[in-house]
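Novice: Can you make the complete structure from the sequences, with help from the hints?
Sequence lines, in order, name chains A and B. For what it's worth, this note's numbering labels the leading residue of the first sequence as 62, then goes sequentially. For what it's worth, this note's numbering labels the leading residue of the second sequence as 62, then goes sequentially.
Treat the hints with care, since some could be wrong.
The list cannot tell twin chains apart, which means a pair is met if one copy fits it or any two copies do.
Unchecked claim - Straight-line Cα separation of at most 20 Å, EDC-like style, residue types lysine to aspartate or glutamate; simulated pairs: (1) K407 - D436; (2) K117 - E100; (3) K285 - D149; (4) K82 - D121; (5) K369 - E437; (6) K139 - E420; (7) K117 - E106; (8) K374 - E105.
Just so you know, the hints here were simulated from the structure itself, not pulled from any lab data.
Protein chains: 2
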Amino acid sequence: MNAFSYRVQSLQPSVIREILKFTADPSVISFAAGNPAPEAFPAEEIARITNEILTKTPVDALQYSVTEGYTPLRNRIKKDLEKKGMFDSNDEDVVITCGAQQAIEVITKEICNEGDVIICEAPTFVGSLNAFRSYNAKLIGVDMDDEGIDIEKLEKTLEKHQRVAFIYLIPNFQNPTGKTMSLERRKQVLALAQKHNVYILEDNPYGDLRYIGEDVPSIKSLDKTGHVLYAGTFSKVLAPGLRVGYLCAPKNVISKAVVCMQVSTVHTSILPQMIAYKFITENNFDEHLEKLRAIYRRKSDLMLNALKMQMPKSISFTEPEGGLFIWGTLPDGDMNYFCKKAVQNKVAVVPGNAFLTDETQPCLSFRLNYSTPTDEQIEKGVAILAQVAKTMYK
Amino acid sequence: MNAFSYRVQSLQPSVIREILKFTADPSVISFAAGNPAPEAFPAEEIARITNEILTKTPVDALQYSVTEGYTPLRNRIKKDLEKKGMFDSNDEDVVITCGAQQAIEVITKEICNEGDVIICEAPTFVGSLNAFRSYNAKLIGVDMDDEGIDIEKLEKTLEKHQRVAFIYLIPNFQNPTGKTMSLERRKQVLALAQKHNVYILEDNPYGDLRYIGEDVPSIKSLDKTGHVLYAGTFSKVLAPGLRVGYLCAPKNVISKAVVCMQVSTVHTSILPQMIAYKFITENNFDEHLEKLRAIYRRKSDLMLNALKMQMPKSISFTEPEGGLFIWGTLPDGDMNYFCKKAVQNKVAVVPGNAFLTDETQPCLSFRLNYSTPTDEQIEKGVAILAQVAKTMYK
Numbered sequence: 062m063n064a065f066s067y068r069v070q071s072l073q074p075s076v077i078r079e080i081l082k083f084t085a086d087p088s089v090i091s092f093a094a095g096n097p098a099p100e101a102f103p104a105e106e107i108a109r110i111t112n113e114i115l116t117k118t119p120v121d122a123l124q125y126s127v128t129e130g131y132t133p134l135r136n137r138i139k140k141d142l143e144k145k146g147m148f149d150s151n152d153e154d155v156v157i158t159c160g161a162q163q164a165i166e167v168i169t170k171e172i173c174n175e176g177d178v179i180i181c182e183a184p185t186f187v188g189s190l191n192a193f194r195s196y197n198a199k200l201i202g203v204d205m206d207d208e209g210i211d212i213e214k215l216e217k218t219l220e221k222h223q224r225v226a227f228i229y230l231i232p233n234f235q236n237p238t239g240k241t242m243s244l245e246r247r248k249q250v251l252a253l254a255q256k257h258n259v260y261i262l263e264d265n266p267y268g269d270l271r272y273i274g275e276d277v278p279s280i281k282s283l284d285k286t287g288h289v290l291y292a293g294t295f296s297k298v299l300a301p302g303l304r305v306g307y308l309c310a311p312k313n314v315i316s317k318a319v320v321c322m323q324v325s326t327v328h329t330s331i332l333p334q335m336i337a338y339k340f341i342t343e344n345n346f347d348e349h350l351e352k353l354r355a356i357y358r359r360k361s362d363l364m365l366n367a368l369k370m371q372m373p374k375s376i377s378f379t380e381p382e383g384g385l386f387i388w389g390t391l392p393d394g395d396m397n398y399f400c401k402k403a404v405q406n407k408v409a410v411v412p413g414n415a416f417l418t419d420e421t422q423p424c425l426s427f428r429l430n431y432s433t434p435t436d437e438q439i440e441k442g443v444a445i446l447a448q449v450a451k452t453m454y455k
Numbered sequence: 062m063n064a065f066s067y068r069v070q071s072l073q074p075s076v077i078r079e080i081l082k083f084t085a086d087p088s089v090i091s092f093a094a095g096n097p098a099p100e101a102f103p104a105e106e107i108a109r110i111t112n113e114i115l116t117k118t119p120v121d122a123l124q125y126s127v128t129e130g131y132t133p134l135r136n137r138i139k140k141d142l143e144k145k146g147m148f149d150s151n152d153e154d155v156v157i158t159c160g161a162q163q164a165i166e167v168i169t170k171e172i173c174n175e176g177d178v179i180i181c182e183a184p185t186f187v188g189s190l191n192a193f194r195s196y197n198a199k200l201i202g203v204d205m206d207d208e209g210i211d212i213e214k215l216e217k218t219l220e221k222h223q224r225v226a227f228i229y230l231i232p233n234f235q236n237p238t239g240k241t242m243s244l245e246r247r248k249q250v251l252a253l254a255q256k257h258n259v260y261i262l263e264d265n266p267y268g269d270l271r272y273i274g275e276d277v278p279s280i281k282s283l284d285k286t287g288h289v290l291y292a293g294t295f296s297k298v299l300a301p302g303l304r305v306g307y308l309c310a311p312k313n314v315i316s317k318a319v320v321c322m323q324v325s326t327v328h329t330s331i332l333p334q335m336i337a338y339k340f341i342t343e344n345n346f347d348e349h350l351e352k353l354r355a356i357y358r359r360k361s362d363l364m365l366n367a368l369k370m371q372m373p374k375s376i377s378f379t380e381p382e383g384g385l386f387i388w389g390t391l392p393d394g395d396m397n398y399f400c401k402k403a404v405q406n407k408v409a410v411v412p413g414n415a416f417l418t419d420e421t422q423p424c425l426s427f428r429l430n431y432s433t434p435t436d437e438q439i440e441k442g443v444a445i446l447a448q449v450a451k452t453m454y455k
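Specialist: Take a look at the structure:
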């Protein structure tokens with residue numbers, strides 16, 4: 062029988078999934094997930110809305126629908142993007158996807174030939190890396206500084222490689238580092254993409270979860286030349302289990318993405334799309350977002366303060382202005398040993414090399430999540446991490 | 062900028078989708094769709110169930126879930142398949158997909174390299190053909206007779222080609238022909254697959270909708286050597302908008318499929334999975350299926366009788382024992398002209414060449430659907446088709 066195809070032969074389950082197995086043990090405190098806080102789900106309102114949909118328009122919610130997505134939701138997303146200068150109805154279109162992850166996978170299938178280069182921030186979201194790997198893309202990670210991807214190294218990479226499918230970026234509260242790309246850097250990256258005529262795939266799952274400082278314009282909003290493909294999602298601002306995300310891109314890119322979706326999911330499950338639409342239109346969505354930001358700010362503060370108070374000073378941490386993650390970096394030594402000791406002491410964090418294009422590269426960092434654990438777990442977990450760290454660092 | 066990848070460059074929207082555009086005109090009677098009858102949806106019960114899920118266990122329905130699918134639903138599917146001799150827990154596993162279409166797409170991604178051969182019945186389901194095309198598979202259609210795929214031609218095809226990824230089959234009430242493969246033919250096909258050591262992908266969306274005669278054992282149930290991959294779905298027996306299907310296959314195939322899904326949809330939307338589980342366990346599912354069968358038998362009878370009474374005798378029609386489709390064949394002439402005349406007269410059918418691996422091949426057939434139109438539409442539509450046909454045939 063046929064073996065697995067070349068494209069997926071070496072594809073492995075995400076390292077995070079492996080770590081999450083430890084966290085099935087209820088005595089393990091998990092800082093390893095990336096789940097929204099369960100208390101952030103507007104559960105009662107979703108129950109009310111859903112009941113209304115299924116009693117008033119059941120056939121709409123149960124019958125086959127169009128691949129492009131639920132039209133009222135698409136129109137609402139277009140309107141919201143337009144307000145932010147991110148959508149032009151003459152040139153662009155929107156398709157609803159099964160989470161932003163599907164947007165990323167479909168774009169890769171659509172634009173990246175086997176062996177083509179995809180340039181990413183190093184480190185970056187492992188789910189995207191694996192989507193790229195699943196089409197045999199050649200992954201090149203470019204280092205980051207505090208303002209985002211290193212612009213000189215990016216330029217050198219673009220000069221060196223001919224067949225670049227796109228540059229993948231998470232400019233806001235990046236996963237895993239929590240870093241936000243500065244406006245200046247965004248402009249520089251866009252100028253380079255335009256100069257070398259390659260797409261940017263801008264992934265913005267956490268953009269609405271800024272709890273400190275001012276919003277920075279998206280790269281999409283700075284681009285007037287059709288170089289930016291944009292993935293958004295309701296996973297972090299409503300509920301990830303619904304699996305409702307979207308892709309906004311030039312019309313020809315969306316048309317082909319729709320054909321690609323027609324042959325995979327046919328369309329995103331329609332009831333969740335209707336729930337998302339009804340929630341954002343019938344409720345004060347801004348107020349809902351404010352509530353979420355308050356939750357994440359409190360949890361982030363709690364974890365960061367505990368880390369600053371208790372961890373050895375030689376271990377550094379990013380201070381995100383939004384999102385779900387903090388990135389810790391050891392001064393030296395063996396990061397994997399530290400993570401292993403932590404989980405033996407019942408605290409799970411994600412080893413940073415999971416987020417590299419080449420997992421065997423040296424890495425001293427690890428990812429901490431503050432949205433999933435309870436306040437009590439954050440306090441207890443950091444105390445344990447500090448005990449482990451103090452046996453290794455000053 | 063990168064052009065579209067080679068794999069999707071020539072991929073076109075399904076011809077059916079183009080035809081369905083005509084049917085946006087409410088004065089056009091559509092026999093072109095493949096939607097379940099809206100009156101077949103257990104809408105009230107789904108509303109009740111969903112409300113219970115969202116009030117009792119909202120976080121389970123809204124949080125990220127596992128890629129493999131909702132565990133109670135997976136276990137129930139395994140149990141049901143086991144009863145039919147189609148599942149062995151030692152060797153096999155089940156993953157929940159976003160409709161059977163995703164199962165088909167994921168298997169193609171997983172097993173078929175670009176240029177590998179996929180053998181199909183000619184004609185076959187265009188959604189699957191397009192999924193195969195989207196990975197640059199080499200498609201080879203093998204003619205059918207009344208018992209299913211032609212076994213001699215299949216053998217010759219297997220002998221001729223080395224790199225065959227799998228044989229794709231819809232043994233029950235096939236889309237588009239409505240034909241059912243005989244037991245003897247199933248055994249022969251399986252023996253050939255085992256001899257040549259290639260997989261069979263058995264797609265069975267309509268199997269539970271048999272309204273005449275006795276069930277024929279699935280090819281999966283006849284196989285004890287791990288050669289059959291099986292795709293099932295709740296689309297035709299519950300509601301397609303939910304997008305809940307599944308793949309049953311040897312454990313190693315499922316493990317890799319799970320990784321492929323992790324990078325595309327992450328997991329199938331969890332609320333629809335919970336709805337499907339609760340519906341099939343809390344209701345008498347057999348009784349529900351009996352109700353559906355009665356609806357489809359009545360509609361099929363209505364259309365077939367009208368066709369027999371009114372259409373020229375030289376035009377032949379298959380007489381399906383279940384499912385959603387009838388396949389008409391003209392004695393000679395220009396099938397596309399007939400279909401065009403029909404739609405000009407406000408009745409849409411699907412030209413048969415849409416279901417061929419090479420759409421430019423000659424074809425005298427067309428597909429009729431009886432599940433979506435109302436009884437009145439069936440009667441009026443067939444009368445119009447007959448008028449058009451009588452100007453061309455005796």
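Novice: Work down the list of hints and note, for each, if the structure agrees.
Specialist: Against the structure, the hints come out as follows:
1. Within a single copy, K407 and D436 get their C-alpha atoms as close as 16 Å, which meets the 20 Å cut-off; across copies the closest is 64 Å, which misses it.
2. Only between protomers do K117 and E100 lie at most 20 Å apart by alpha-carbon distance; the minimum there is 15 Å, versus 29 Å within a single protomer.
3. Taking the shortest alpha-carbon separations for K285 and D149, only the intra-copy value of 9 Å comes in at or below 20 Å, while the best inter-copy value is 56 Å.
4. When the C-alpha separation of K82 and D121 is checked against a cutoff of 20 Å, the pair qualifies only between copies, where the shortest distance is 18 Å, while the shortest distance within a copy is 39 Å.
5. With identical chains, the CA atoms of K369 and E437 are at most 20 Å apart within one copy only, with a shortest distance of 17 Å there and 74 Å across copies.
6. Taking identical chains as interchangeable, the C-alpha atoms of K139 and E420 are never at most 20 Å apart, the minima being 38 Å within one chain and 36 Å between chains.
7. Proximity of K117 to E106 under the C-alpha cut-off of 20 Å is found in both arrangements, the shortest distances being 16 Å within a copy and 14 Å between copies.
8. Taking the shortest Cα distances, K374 and E105 never come within 20 Å of each other, neither inside one copy (44 Å) nor across copies (61 Å).
The structure fails hints 6 and 8 (numbered hints given earlier, in ascending order).
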